[in-house]
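Enquirer: In case you want the letters, here they are:
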Amino acid sequence: MFSSSGRRIDRVTVLFLSLVAVGFIVATFDVRSSGDGVAEVLREGTQSIFTPLQEGVDFVTRPVIGFVDGVSNLAGLRDENERLADRVRELEGQVQATEALEEQVIQLEAILGLAVPDELATVAARILSSGPSAFDNVRYIDKGSDDGIVAGQAVVDEDGLVGRVDLVSAGAARIRLITDPVVSVGVRVLSTNETGIVTGRGDGPLRLEMFRAKEAVYEDDRVVTDGSRFPPGIAVGTIRRTAAAEVGFVLRTDVDPAVRLSQIDFVSVVVGWSPIDAELQDDEDSLSTVGGG
Amino acid sequence: MSRSRVVISLLAVVVAIVLQTTVFSPGRIQPLGVGPALVTLVLIAVSTQIEAEYLLMIGFTGGLLMDLIGSGTLGLWAMTLTVIAYAASRLKGRFGDGPGYVAATVVGLTVGGQVLFVLLGTLFGQETISEPELVRKVLLPGAWNLVLTIPVFWVLGRAFRSTPGQWAA
Numbered sequence: 002m003f004s005s006s007g008r009r010i011d012r013v014t015v016l017f018l019s020l021v022a023v024g025f026i027v028a029t030f031d032v033r034s035s036g037d038g039v040a041e042v043l044r045e046g047t048q049s050i051f052t053p054l055q056e057g058v059d060f061v062t063r064p065v066i067g068f069v070d071g072v073s074n075l076a077g078l079r080d081e082n083e084r085l086a087d088r089v090r091e092l093e094g095q096v097q098a099t100e101a102l103e104e105q106v107i108q109l110e111a112i113l114g115l116a117v118p119d120e121l122a123t124v125a126a127r128i129l130s131s132g133p134s135a136f137d138n139v140r141y142i143d144k145g146s147d148d149g150i151v152a153g154q155a156v157v158d159e160d161g162l163v164g165r166v167d168l169v170s171a172g173a174a175r176i177r178l179i180t181d182p183v184v185s186v187g188v189r190v191l192s193t194n195e196t197g198i199v200t201g202r203g204d205g206p207l208r209l210e211m212f213r214a215k216e217a218v219y220e221d222d223r224v225v226t227d228g229s230r231f232p233p234g235i236a237v238g239t240i241r242r243t244a245a246a247e248v249g250f251v252l253r254t255d256v257d258p259a260v261r262l263s264q265i266d267f268v269s270v271v272v273g274w275s276p277i278d279a280e281l282q283d284d285e286d287s288l289s290t291v292g293g294g
Numbered sequence: 004m005s006r007s008r009v010v011i012s013l014l015a016v017v018v019a020i021v022l023q024t025t026v027f028s029p030g031r032i033q034p035l036g037v038g039p040a041l042v043t044l045v046l047i048a049v050s051t052q053i054e055a056e057y058l059l060m061i062g063f064t065g066g067l068l069m070d071l072i073g074s075g076t077l078g079l080w081a082m083t084l085t086v087i088a089y090a091a092s093r094l095k096g097r098f099g100d101g102p103g104y105v106a107a108t109v110v111g112l113t114v115g116g117q118v119l120f121v122l123l124g125t126l127f128g129q130e131t132i133s134e135p136e137l138v139r140k141v142l143l144p145g146a147w148n149l150v151l152t153i154p155v156f157w158v159l160g161r162a163f164r165s166t167p168g169q170w171a172a
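For the record, the sequence lines run as chains G and R. Throughout, my numbering is defined as the position within the first sequence, counted from one, plus 1. Throughout, my numbering is defined as the position within the second sequence, counted from one, plus 3.
Please note that a few of the clues may not be correct.
Straight-line alpha carbon distances no greater than 20 Å define the calculated SDA-like cross-link-like pairs of lysine to any residue that follow [unchecked claim]:
hint, chain 1, residue 1, chain 2, residue 2
1, R, K95, R, V158
2, R, K95, G, T14
3, R, K95, G, D11
Taking beta-carbon pairs under 8 Å as the criterion, some of the chain G residues facing chain R (in silico) [stated by the list, open to error]:
hint, residue
4, V13
5, V21
6, F51
7, Q55
8, T62
9, A135
10, D137
11, G203
12, D204
13, Q264
If you are wondering where the hints come from, they were derived from the structure by calculation, not from laboratory data. Model, not experiment: these values are computed from the prediction. C-beta atoms are modelled at their ideal positions from N, C-alpha and C, and glycine is treated no differently.
Given only the sequences and the hints, what does the whole structure look like? Please build it.
Expert: The structure is reproduced here in structure tokens:
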């Protein structure tokens, strides 16, 4: 039996199935094009439309949310204050020791004739918004190509590596966090000086894989960037659990990110370094080695 | 026929996306580290105000916008929200049975939508199913949406009040 309401239900179901099919085709197309081409243009265009709206809402709500957050954290602030005061005293002692070492380094560099590289140029930016779901590992910042930001640049905060610039429009840019499964970071374990690759898992600890590790890594060992994809020496995290290398096997363990990614408000984009610099440096080194040999 | 209801519904979805990415983003209002799924809740709320065909179109459009400003594969949220819109259009007839039914629908469709997104993401090569915090990310949006049901339904009810009469379900 086909009543008028029956036809309406059929029409709805047909439309539903058609839209799901379109969604399936769009997803397949996006996977096959690796998110480039038309998809990238659409993403940039959409973000350009949303950025002013997000800036407006952020401008209005940030003070209110900050106030509510401050009141709710009042009890914890006292403990945090005492902890920070202890930390400041400890760091002041370290600064004095470091100053003496810096003097020695300058003298040694002068003796050896070494050129000291300038500090990397950075652009400070504010986190404007995040992805729309709990499964998105991205943040949007309020600086874009107008400020010299291009895709691929490293993003850091005072604690270490936050992620890399992924998509750029004139006034905003998208950062893919180091917890995103598509982000891999070449790293060095400071205690052993051996290298590996850290990969995001969506949330929580990162996965560290070391393919030619000869030595064990221990809990709380520090892990920094090795300079292959990001500027060298940026803190990535600390080893979560001790792991030993076994002959013929990859050393695998977890790394706790140095940065508290759920708390970041401001970041710096490293605009004065790109992987190409590292490649050129490698080429120059190999040429000078060949020339010297 | 009231086009203004469709426009209001679409605007409500856009506002929900903006709020989701700013006010309910990490570091702002995210109790226990996960925010609500506001777009899903808005879609359920407007389901009683517009025809099913328009609801499906708005669900698909809202999902596509989420895909475009998210980090995942395009089309996954579009499919997910289309399914949620279809389910909501089928279930809205019983919203009059009482607040318990509305609450169950909100929680069920929110959690179901999160699960569907995880499955679709896995099908298209994302590692969403192996995320360490997966259960929390799937269940908590349902709980927060339940908390926000009354204010969201109230606000949208006020917004639709000034428009010409409701379409027949």
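Enquirer: Determine for every hint whether it applies to the structure shown.
Expert: Results of checking the hints against the structure:
1. R:K95 with R:V158: This hinted pair holds, its Cα atoms lying about 18 Å apart.
2. R:K95 with G:T14: Distance of about 16 Å is within 20 Å: holds.
3. R:K95 with G:D11: Holds - the C-alpha atoms of D11 of chain G and K95 of chain R are around 17 Å apart, at most 20 Å.
4. V13: holds (4 Å)
5. V21: Given a least distance of 5 Å, the restraint on V21 of chain G holds.
6. F51: Since chain R brings a Cβ to about 6 Å from F51 of chain G, closer than 8 Å, the hint holds.
7. Q55: holds (5 Å)
8. T62: Cβ of T62 of chain G sits 5 Å from chain R, so the hint holds.
9. A135: holds (4 Å)
10. D137: Result: holds, 5 Å to nearest chain R Cβ.
11. G203: holds (4 Å)
12. D204: holds (4 Å)
13. Q264: The hint holds - Q264 of chain G has a Cβ within 8 Å of chain R, the shortest such distance being about 5 Å.
Checked against the numbered hints above, the structure violates none of them.
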